[in-house]
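From first to last, the protein sequence lines are chains A and B.
Position one of the first sequence corresponds to residue 1 (our numbering), numbered consecutively onward.
Position one of the second sequence corresponds to residue 1001 (our numbering), numbered consecutively onward.
No lab work stands behind these hints: they were computed from the structure.
Do not take every clue at face value.
[What the hints assert, rightly or not] No farther apart than 25 Å at their CA atoms in a straight line, the calculated lysine-lysine pairs in the BS3-like style are these:
| no. | chain 1 | residue 1 | chain 2 | residue 2 |
| --- | --- | --- | --- | --- |
| 1 | A | Lys-131 | A | Lys-172 |
| 2 | B | Lys-1034 | A | Lys-131 |
| 3 | A | Lys-4 | A | Lys-51 |
| 4 | A | Lys-158 | B | Lys-1034 |
Take a look at the letters that make up each chain.
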Amino acid sequence: MDPKLATIYEAVLEGDMPGTKAGIQAALDAGVAPITILNDGMIAAMAEVGKRFEEGDYYVPEMLISARAMQAGLAILKPHLQSGGDQPAGTVMIGTVKGDLHDIGKNLVALMLEGAGFEVRDLGVDVSADKIVEAIRTGGADILALSALLTTTMPYMKITIEAIQQAGLRDKVKIMVGGAPVTAEYASQIGADGYSPDASRAVRLAHTLMNA
Amino acid sequence: MHSRERLKTALDHRVPDRVPMMMSANPWVIEKLKQRLQVNTDRELLRAMHLDLFDMRGFDYKGAVGPRGWTRSHEHPRHLVRRSPALFGYHEVITETPFGKAWSMGAPPLAALNTIEALKRYPWPQADWFDYANVRRDLEPWAADFAIALTGPSIFQHATLCRGVGQLLLDMAADPDLTTFILDRFFDFYFEYTRRILEAAGGLIDIVRLADDIGAENALLVSPRMIRRYFGHRISSFADLAHQHNAKLLFHTDGNVRQIIPDLIAWGVDILDPVQPEVAAMNHRALKTEYGDRLSFSGGVSAQRILPTGSVDDVKAEARRVIAELGAGGGYILSPGHPSFQSDVPIDNILAMYSVGLE
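Sequences are here, hints too, so could you generate the full structure?
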């Protein structure tokens, strides 16, 4: 790997925000292609973060500082990327279902998806079925990701998917679900397209759904 | 057997006349239980359900009025479930779910305070806000019937509520000094508050409960290294304090914490709660075999699956399973695998669970 890219890769992996920003600036100044910086430096590093998380080497704090470094780097890189005409890996709308204000899981998934090159539209917390139907209608998103932490709010996932069906929009998006009480069985019971137990595997699932 | 003797026997890893039982629930569930059992007061409810532990979160502190403008009537409902993070300026919000009301997280008051200087200016609660003079006198009528748990202290959990869980987790990796400053404010207050209550209670308190969710569903939320660095000595101080007053330390954390259990035991934790049965790594038989001689357990009855959606018979079978697995030879307090009953658990299922404890 180009030493300039290796510096960026290491900085993102270590969650070193100033190091990431400086590394990207140096690479841009040296004429490295912005899309190469994004793919080989940053997205590759976030993939390694996800792998370390799954292997129990990284935990949530390490993942969060790497995602923060990634985002700070993207802010520098983005103006250069526009002219390069890159395409996102896909567009994901994400939110916690009605009644549920717990957003750490949802935020982690959003950060990891962004880290993997997806465009993420965050609908926030406590999102009603109506609001989600409207967002799909006005849309353009490939995937809808729903999160619930509580057994009391999890049934809103089913209600939301039913509302999307009734609005005739079910074939417009793939739907993935997650959150502490959610299981793969529950996901298939309510007609979701996929379930993921954590943020790293959510990225893999999103890629799979994009190619389905 | 008196509730306190029953509890002490179980926590000494001996077999009591029956398993000791404790309960916490949101106020809407408490109200439904009172209506069903046709009782009016918390005391009558504890008696009617044959519960052994009185939770001091329902305790009415005389003269306990803080400078933040909360009043006893507003922030201190005389309930089994008073929420102490309000002392730190945290307010919960009530949301509607398909099953009725639920408490949920409000805006974190420390979210925008990003320097130690700014945090120093925050009005942190002080143990002096409370008057402990009548603690013993007020506890005596409860101690006549029940064992007593001092519930409410938290080092990490309440800090996550007040700082924002994502932000505090980020701080832990990005800014150890800021993190330490925040955790110390929670530790210092709760430690001194607990110390004064234990002293004033003169031996009437049986359990000190420290609640810090360091586990997520699949794995620890933060690394063992960070848990040791940020929480080890603080948990240990709480254990020493409880033991000095002949009380046991109950440590509550949701999720998969298997990896850190040997540390928790070394730090002096006596009881681990709520050993979520849905988490594969928290297998009850394995935990009992590996740690049952040194560690007691509470919780364990499936609150993510069986209590909210199972039949009365499913609940009874589950409670019998947990009592058999975790309660063999003592060392177990019957309670759900989530610390507090939510509005989706049918009242019949709650009553069925505790009826098994009386068998």
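Structure-based check of each hint:
Distance check on the hinted pair: A/Lys-131 and A/Lys-172 sit about 16 Å apart at the alpha-carbon level, within 25 Å; holds. Between B/Lys-1034 and A/Lys-131 the CA atoms are separated by roughly 38 Å; this puts the pair beyond 25 Å, and the hint is violated. Between A/Lys-4 and A/Lys-51, the direct Cα distance comes to roughly 23 Å. Compliance with the 25 Å bound is thereby established for this hinted pair. Restraint check for A/Lys-158 and B/Lys-1034: the C-alpha separation of about 32 Å exceeds 25 Å, so the hint is violated.
The structure does not agree with the numbered hints 2, 4 stated previously, though it agrees with the rest.
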